[in-house]
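First to last, the protein sequences are chains P and F. Going by numbering that gives the first Met the number 0, the residue at position 168 of the first sequence is 167; the numbering climbs one at a time, nothing skipped. Going by numbering that gives the first Met the number 0, the residue at position 163 of the second sequence is 162; the numbering climbs one at a time, nothing skipped.
In short, the hints are calculated from the structure, not lab data. A hint or two may mislead.
Below, a list of computed lysine to any residue pairs in the SDA-like style, where the Cα atoms sit at most 20 Å apart [as the list claims (entries may be wrong)]: (1) 11(F) / 191(P); (2) 170(P) / 232(F); (3) 209(F) / 285(F); (4) 206(P) / 15(F); (5) 11(F) / 124(P).
With the C-beta cut set under 7 Å, the calculated list includes, among others, these residues of chain P facing chain F [stated by the list, open to error]: (6) 26; (7) 105; (8) 135; (9) 138; (10) 162; (11) 225; (12) 231.
As the structure is a computational prediction, the values presented were derived from the model and not from experiment. Just so you know, even glycine gets a beta-carbon here, dropped at the ideal spot from N, CA and C.
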Amino acid sequence: MNRIKTYYLNNKTRLFGNHIHLGLFRQLLISVGLLVFAYVFIYPLIYTFLVSFMGSEDLMNPSVNLIPTTIQFENYKTVFDRFNLVESLIFSIFFAGLNALFQTASACITGYAFARFNFFGKKILLALVLLSFILPPQVLMTPSYILFSKLGLIGSVLTFFIPALLGQGLKSSIFILIFYSFFSSLPKVLDEAGQMDGAGPFTIFFKIAFPLTKPAIVLTYLFSFVWYWNETFLTNLYLQNSFTTLPMALVKFIAVLEGDGRTTQGLVPYYESVQLAGVIVSIVPLLIFYFIIQKQFTQSIEKTGITG
Amino acid sequence: MKMTRTQKKELKYGLLFLIPWLLGYAMFMIYPIFFSLYMSFTNVITSGSGFSFEFVGLSNYMHALTINLNFVLGVVAYLQTLIVQVPLIVIMSLVLALLLNQPVKFRSAYRTLYFLPVIIMSGPVVTILEKYNIFASFNLDNIAVIRYLQAIDLGLISDLTITLVSSISLILWYSGVQILIFLSALQKSQKDVYEAALIDGASSWQVFWKITLPGLKDVILINFIYTIVLLTTLVENPITLMIKDNMFNKDYGFGYASAMGWIYAVCILVMLGLYFSIIKLIERRSD
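One chain only, chain P, in its complex shape (with noise of 0.2 Å):
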């Protein structure tokens, strides 16, 4: 008995831990915990995944749940034949490769300037960043319609590349406020070094700075890339038809999926599992962005203190 109570004594700390470590039974707990939710938060795309080969008699059979019977490759060749495919991803690189660049400069300097320099309505000014972030933009979307037509700029990507420039791209608030929080925890005796040697205000810019902020550039970046990739509502309404990008192409391919499949009993429920596949294409590039640079990703976020 008492050889039971020292053993129990001993490996107690390894059993339930102690403040630094976990124990090993919460360590299982915890990590049958954030297993469930890892299943639970790829589900749908699991889902997705699967349905997209199945056929129509499986996605009428009751009893096939999940597993396809028979795996069509069909879907896929549909999509294809079907969908505008290379045209539209090269596009959207382009596309979004550039906004989020002017997206990324416009922002790292309007930073700059609240953070660096004190001057007399700063504080309105950032206020108006501020309001700029809750606006809903469906208040602005008519109106800005309006001078895009009047300037001749309808269907074309200027309409994305000059508010982008101008630092009022898709949700640029949140980037000049995070370049602004960022930019004021770097120590100021740098800047102060830099006059001392006679480096005027761009040169401490450019040369000191600058330099500094990789991590604020690379989420800014990251960020802006992905919201301007899956815009669709406003270059609908601002490109037309002039451009197509991927999910653009995705929308419409879905479109003329339900116009061929609509009979009188409602949609043939083969086109679900086409559908799914047209999503599955495209979200592979972006997919395969995403696991290239998702270090940088999760990380940009703790590493520029977004919070504080």
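With chain P's structure known, arrange chain F on it following the hints.
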């Protein structure tokens, strides 16, 4: 008031760096805000040569609020789902951040997975998956607890639980960024305070309520605001689509669409204010 040389210099260079933003703000914020406000009181007639405006007073607003039932009901329904979803998203992201903050194995792998939906979520994919009920396809409706909750009807509590269970994947998909914001705040918090509390004999449960949670109150507020803004500005949100339809509708046009935009904006600002004051009130109570 005379400015010193450094003050003058700061103003000069500050504004110089701000030129692009000031220009953009004037063009794409201030001008559209006033123009949209003006248009909401007019009837905009589009012709080949351009736009002409005819003042109609409040009739656009009256029409949107009293005649166009679809719009009013749509906004009310959307705000109702928001009131339920927003706290759930913030609470779930806090729970997941707390789990991820533990020193378990494969932490970065979980983080990668949890953050994955963020890159897909802002696009049209969510709408398509929602159309096929994929977020609700766990078939949890058959679970006894849910049926029981539906039967006894506890008001908000049942609503919250049912929404949580039936759309758990969707709620998790909306919480990626918030999880990382919580996580970075947790990792920055001072470890020595925790250790002191634990050595004094506090349980982890007490530490959470007395130290961790109060330390996160600013971040909780940030996440509430972020979540509300994220959901209300979603691309495929039903209200946005309704406004766009009216923009290009012959009978209504830009004036009416602007009025709808403003009504929606006021609703959202009121909701933001409400959440803000509720959170501040709770904070003051607990101090």
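Status of the hints after comparison with the structure:
For the hint linking residue 11(F) to residue 191(P), the alpha-carbon distance of about 18 Å falls within 20 Å, and the restraint holds. Taking the CA atoms of residue 170(P) and residue 232(F), the gap is near 10 Å; set against the 20 Å cutoff, the hint holds. Pair hint residue 209(F) plus residue 285(F) holds up; C-alpha atoms about 10 Å apart against a cutoff of 20 Å. A C-alpha spacing of about 18 Å is found between residue 206(P) and residue 15(F), which places the hinted pair at or below 20 Å, so the restraint holds.
The hinted pair formed by residue 11(F) and residue 124(P) meets the criterion: a straight-line CA distance of about 15 Å does not exceed 20 Å. Proximity of residue 26(P) to chain F holds as hinted, the smallest CB-CB distance being about 6 Å (cut-off 7 Å). Taking 7 Å as the C-beta cut-off, the interface hint given for residue 105(P) holds, the closest approach to chain F being about 5 Å. Because the smallest distance between the Cβ of residue 135(P) and any Cβ of chain F comes to about 5 Å, under 7 Å, the interface hint for this residue holds.
Interface hint at residue 138(P): satisfied, since its Cβ lies 4 Å from the closest Cβ of chain F, which is below the 7 Å cut-off. Evaluation of the residue 162(P) hint against chain F yields a held restraint, the C-beta minimum of about 5 Å falling below 7 Å. The closest approach between the C-beta of residue 225(P) and any C-beta of chain F is roughly 5 Å, which is under the 7 Å cut-off, so the hint is satisfied. Hint status for residue 231(P): holds, given a least beta-carbon distance of 5 Å to chain F, under 7 Å.
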